[in-house]
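Here the protein sequences line up with chains A and B, keeping their order.
In terms of this note's numbering, the first sequence is residues 304 to 414.
In terms of this note's numbering, the second sequence is residues 3 to 115.
Any given hint could be a false lead.
Cross-link-like lysine-lysine pairs, in silico, BS3-like; alpha carbons within 27 Å at most [said to hold, decoys possible]: (1) A:K359 x A:K371; (2) A:K359 x B:K16; (3) A:K359 x A:K374; (4) B:K11 x A:K345.
Simulated from the structure, these hints should not be mistaken for lab results.
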Amino acid sequence: GESVGLHLPTLSVQEGDNSIINCAYSNSASDYFIWYKQESGKGPQFIIDIRSNMDKRQGQRVTVLLNKTVKHLSLQIAATQPGDSAVYFCAEKAPRQNFVFGPGTRLSVLP
Amino acid sequence: NAGVTQTPKFQVLKTGQSMTLQCAQDMNHEYMSWYRQDPGMGLRLIHYSVGAGITDQGEVPNGYNVSRSTTEDFPLRLLSAAPSQTSVYFCASSYNGDSYEQYFGPGTRLTVT
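One chain only, chain B, in its complex shape (with noise of 0.2 Å):
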C-alpha cells in the first residue's frame, strides 16, 4: 500500500490564481480529511467526507472547495488564493471518522505571493 499521497509537494501561487492539491489513499478508507498547519499552531480542520459523495465543512473552510466523487481521491480546491493560506496542507484518511487512527500523507508546502 502506497498510504496517503499528495502532490505537489510544493507550490508557489500569486494571489488571485487557483489550483488544486490532489490527496489520494488506497486503504479503502471512508473518511477523508483536509488540514492546515501553521507556525505555533495544531493542525485544523478545513474539511471533511465521510464517504463518496459526501464532504462537510471542518473548522477554518473559508476560501477551499472540496469534492468526493470516488472513495480514493479527495481534492482541495483553493478558488482564489491569499497569502493567508500560506500553509503547510495535510491530507489524512481513517476507517471511519469515530475512533480511528488516521494517517497522513506527506503534505503540501503552499506559498502565496
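Chain A extracted, bound-state conformation (with noise of 0.2 Å):
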C-alpha cells in the first residue's frame, strides 16, 4: 500500500456513527474549496465542494461547512461505514492561484 499517512492524525469512529474531520485553512483570499477521499494505492478521488459565497453545503451522506471568520472547514460523513475508511484531506483555491492541499486525516471505521 502507500506509504503516504504514515504521519497523519487518525480518527477512529465506530461503524454506523457520524463522523466530523476538520480543516484549518491559510489564505483570507480562497474563494474554492474541495474534499478529497483517497484510499490506499488510488489517487484522490473528489467528495464535495463549496464556494465562500455559501456556508453549508450537502451532498450524499457527507457535509461540508466553511467558517470564513475563522478560516476552518469541517466535512461531516453520515452513519460512517467500512468503505469510508480513507485519508482525507482539505484543498483551498484562491483565483488566480493554484490548490493548496492539507496534509489530511486517516479516517478508521471500527466494527
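Assembling the complex is the task here: the two chains are given apart, and the hints tell you how they should meet.
Shown next, in the form of C-alpha cells:
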C-alpha cells in the first residue's frame, strides 16, 4: 500500500456513527474548497466542494461546513461505513492561484 | 472515458538516471498538473499547464521538466534522479485552472536508490 499518511492524525469511529473531519485553511482570499478521499494505493477522489459564498453544502451522506471567520472547513460523514475508511484532505484555492492541499486525516471505521 | 491515466504504476531508478512519467486524459480538459505526495504532507504542485503549448512552474519544480504538445498528454521528466525525488506522483486535470474540481490519476510510486 501507499506510504502516504504514515504520520497523519487518525480519527477512529464506530460503524454507523457520524464522523467529523476538520481542516484549517491558511489564505483568507481562498474562495473555493474541495474535500478529497484517498484510499490506499489510489489517487485522490473528489467528494464535495463549496464556494465561499456558501456556509454549508450537502451531498449524499456528506456535508461540508465553511466558517470563513476562523478559516475552518469541516466534512461530516453520516452513518460511517467500512468503505469510508481512507485518508481525507481538504484543498483551498484563491483566484488566479493554484490549489493548496492539507496533509489529511486518516479515518478508521471500527466494526 | 478512461479519465486520467498514468504509467508506470511503480518505478525504481538509480541516482542519476532519467525517466519520463506519462499522463494522459480523455476529458478534453485544458488544465493539467503534476503533484508529488510525501508522508505527512499535502500534495505539492510541481508543474502545471493551462493548455497545449503552455506550461508553468509550481511550488517544487526543481529537477523536473514538462511539456504539453497536445491537450491529452502531459509527461513529467526527471532529468537526473535523486533520492529526494522518491515519492508518489499524481497527475490531475480539470476543465480549467480556476475553481473547478481536479480529477486525479492513480499515481506512480517512484523510488530512487
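We went through each hint and held it up to the structure:
1. The hinted pair formed by A:K359 and A:K371 meets the criterion: a straight-line CA distance of about 11 Å does not exceed 27 Å.
2. At roughly 49 Å between alpha-carbon atoms, A:K359 and B:K16 are farther apart than 27 Å, so this suggested pair is violated.
3. Distance restraint check for A:K359 and A:K374: the Cα-Cα separation of roughly 14 Å lies within the 27 Å cut-off, and the hinted pair is therefore satisfied.
4. The suggested pairing of B:K11 with A:K345 holds, with an alpha-carbon distance near 10 Å, which does not exceed 27 Å.
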